[in-house]
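Fit chain B to the known structure of chain A by using the hints.
Protein chains in written order, with the numbering used here: chain A, 6 to 484; chain B, 429 to 677.
In short, the hints are calculated from the structure, not lab data.
If you're wondering where the values come from, they're calculated on a predicted model, not measured in any experiment.
Every residue, glycine too, gets a C-beta built ideally from N, C-alpha and C.
Be a bit skeptical, because a hint or two may be false.
[To be verified] Capping the alpha-carbon separation at 30 Å, the derived lysine-lysine pairs in DSSO-like fashion look like this:
#1 A:K381 with A:K368
#2 B:K499 with B:K531
#3 B:K574 with B:K479
#4 B:K473 with B:K434
#5 B:K516 with B:K479
#6 B:K499 with B:K479
#7 A:K368 with A:K383
#8 B:K516 with B:K473
#9 A:K71 with B:K654
#10 A:K71 with B:K434
#11 A:K71 with B:K658
#12 B:K473 with A:K228
[What the hints assert, rightly or not] Which stretches of chain A does chain B cover? Using the computed rule of at least three CB atoms under 8 Å from a CB of chain B, they are:
#13 7–16
#14 316–325
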Amino acid sequence: MRLPIILRYIGVVLLLNAVFLFIAAVISFFNRDSALFPLGYTCLIASLFGVFPFIFVPPTEEITNKEGFTIVVSSWLLSCLIGTIPYVLWGGEFTFTNAWFESVSGFTTTGSSILTDIEALPTGLLFWRSATHWIGGVGIIIFVLSVLPSMGKVGMVLYRTEISPLAAANFRYRTTKTLQIIMLIYVGLTALETLALTVCGMTLFDAINHSFATIATGGFSTKNLSIAYYGSEAIETVIMIFMVLSGINFGLLFVALLGNIRALCRSTVVRFYLTALFAGIVLTVFNIHGTVFSGWLESLRYAAFQVISIGTSTGFATTDTTLWPPFAQLLILFFTLQCACSGSTSGGIKVDRSVLLWHAIRKRITKFEHPHAIVKEKIDSVTIDEDILEASLLYVLLYILVVFASSLMICGMGIDIMTAFSASAAAMGNVGPGFGMVGSAGNFSLIPALGKWILTGDMLLGRLEIFGLLLFFLLKKWK
Amino acid sequence: MGIRIKILSGFLILSTMLLVAGVWSIYELSTIGISVQKILDENYKSVNAAKSMIEALEREDSGILLLLLGKREEGRTIINSADESFRKAYETARSNITIPGEKGYVDEIMNTYDTYRNLWRQSVVGTAREGDLNWYLREVHSAFLKVKLTTQDLMTLNDKTMYRTASNLESRGHRATMPGIIAVVSAFIFAIIFSFLINLFIVNPIIRLTDGIQDYLDSGKQLDVKVETKDELADLVSSVENLIARSKA
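Here chain B stands alone, though its shape is the one from the complex:
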């Protein structure tokens, strides 16, 4: 094998090790970016929507209590505005179903909310329900708690997924950095071996040949340079020996 190929192979090996590790690190880093975006897009939106729904539900509950106290106008205004907020937040959650099992929670929220809504849509002020705390506690409050708990479950599911994805980011970060470290260490060791072999099989024979020629020129000493490899250096030594033989003749 020729010297050129030997040296070229050394550099090729070195660059392959670094290149593959580099490409992989870039891939892992880009995956981290995608994961972060995913957390923001998928989970954070759902968590916010769930929070808004809970807030709206609590406002609706306050509105119902006002109705019980006989304050129809104030109560209905609060309830209608909260209902609108709830539906808006619900739509956000419904259009952002990304986790297995999330759809079940979203459907359940609407089912329980419909039951709850049917209760406060009935007339309260001026009827037997006005001031009836038992009716409130027995039917309205329990329906309210059901919607609230289901919405909290949706929030917990998204929170957990966010945590899992964030934990996964840590291992992704590890996988992005480790190839670089391994590649640098390997390249360093390889460079040492490469330079050692270059020195041993290319530089040293050249030095020996130069010294041999010098010895021949200075004192006519027989050229005796041994090259183990079968490459251009062996050809060079053989050519120099021929040259010396011819010049002697």
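In isolation and in its complexed conformation, chain A is listed as follows:
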């Protein structure tokens, strides 16, 4: 493995972070707030570290898969580390552990926060928090590749490594075209939502921040009460629409944008995703009506927002779901585990794997009935490869195992089961809020420091779809 080449490409990622840090510093400068130096100095460090390898290391035509893999994982880890620095420099509630938690939560689009008073943060730092969502939402490497399309074969290797194998199937174009589509949808949705939120009465600053958090399915808000602060049905509706859209595969959204809406409607995964959300909302409405809210409309308003928010792994809140009946809480917990479609910015096990799991069960039942039959399962008239089926089942199993293991460890620190399990599931699924101490109206400040490190590990594992991070640490055994 050529370390200088890896340094060179990680440098590009650091420069991307530096650009957003610079914008945040400019915002700080114009608002004369206390985050100017923390952001400016971090921007300087990121720029210097990013530029330096370019001075020494000559460009290369090709990189190996192993190098590409190392670049992708290191880029995530280094971005999270760079993202920690402005928080640590600013101080306040940010110890190193808290700053790392906030940064990882931002980049992995989890949206869990340790902050008890978000509004105390200066505007520049608030923008940086949201920007970490936006950079991480589409995937750091995807972002870099779409900004710098002239990377040739190097770009292809990095793209293959970064993008989820399940998502890649929906993009039937060459790498450059796919990257263009992803960025077009990503930037387009962000711009549209910003406009819609501004029209609904949000300030431009808040609208940009909330759009970053929605399209990236992150969940960081600029307000302590999250979306509940605005108390506006219009704002909630706009955010709900964009949360649902952000949970759909961008390739399918692009096809729909070109006029082929039927392709979107015919997709089994999208149909499953939307049906699950609809069923979740209906069941929650019936459960919370009369127990939490007296009116049907009120119940629908809060149920729809919370189910969509968790079901897309965004994590915004309009009410405190920890006060909801156990049935509604368990329903939301299901969405915390499943989340939305692959190829979107969402986290979790993903709807695609739920569909695959269902097909695997059906296949096994048929095999029981007809042991000698050759059973082929199809999704959207495409035969599912045995390897994909096995990999998906293994992924779900590993996913549950990791959630269980981290819940166990956090429980061992004296935290109650509901908090420990929901926090682990929410971190692993990059959702944000859980239940108990870490509910939609709470935060993660009371979780012990070690627990926060475990949860950040979960966030990274979830974001890199487990195998990514595991392989990175087992790289020596690759021979």
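For chain B alone, coordinates are given in the frame of chain A:
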């Protein structure tokens, strides 16, 4: 890019990181100094003035009680001296208005004090007020309490501001030290990367070239040194290859 620029850029980056962090730490430390001075100048003086005013008020109250007992000389002496102390302290507080809302308290102190003063300026000894405890409790004592409470409010306001400024000093201290820590850690990591790259792209090619020349001299082995960079080292290798080619010819 030439080797000189490469090495220079490394040192420039290193020094920039340390310099900026150093300048910022110095700025924050000097701000801490200013804040401490501010606490002493603005708040501490006002707190002391408020304390002196309260003490003077209590002495005036004792003087009034002496007047009620018929001791005019002793009473008036104490009251006049306390009045002088009160006015002196009040002037200090008035000339030291630095906190939002402080002016309101200072004005209110003078208003309530004037009311209080008008009461004890009246003749007491030898009049119907002598020994009249009801008059004292109804009018004098309530006026005294009003001035005292307003002065205490002024003291509380300054105390709170002192506490806030002191708490702010803690975060300022954090902001003064953190850049240093971040800069040292970053510089350390950078130094490792810098030395790694110097070793890889400058030192190693020189060693390979030296070994290649030695091999050529010892056994006439063909010089085969590959340099990836386009700098002075690549020129050197090419010159040595030319030299060998010419010497062969």
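Going through the hints against the structure:
1. A:K381 with A:K368: holds, 8 Å
2. B:K499 with B:K531: violated, 37 Å
3. B:K574 with B:K479: holds, 15 Å
4. B:K473 with B:K434: violated, 58 Å
5. B:K516 with B:K479: It holds: about 12 Å lies between the C-alpha atoms, which stays within 30 Å.
6. B:K499 with B:K479: Distance ~27 Å between K499 (chain B) and K479 (chain B) Cα, so the pair holds.
7. A:K368 with A:K383: holds, 10 Å
8. B:K516 with B:K473: The given pair, whose Cα atoms are some 13 Å apart, holds under the 30 Å limit.
9. A:K71 with B:K654: Roughly 24 Å separates the two Cα atoms, so the pair holds.
10. A:K71 with B:K434: Holds, because 28 Å separates the two Cα atoms, which is no more than 30 Å.
11. A:K71 with B:K658: holds, 27 Å
12. B:K473 with A:K228: violated, 39 Å
13. 7–16: holds (count 3)
14. 316–325: Since three or more residues must qualify, the claim that chain B covers the segment 316–325 of chain A is violated, with 0 doing so at under 8 Å.
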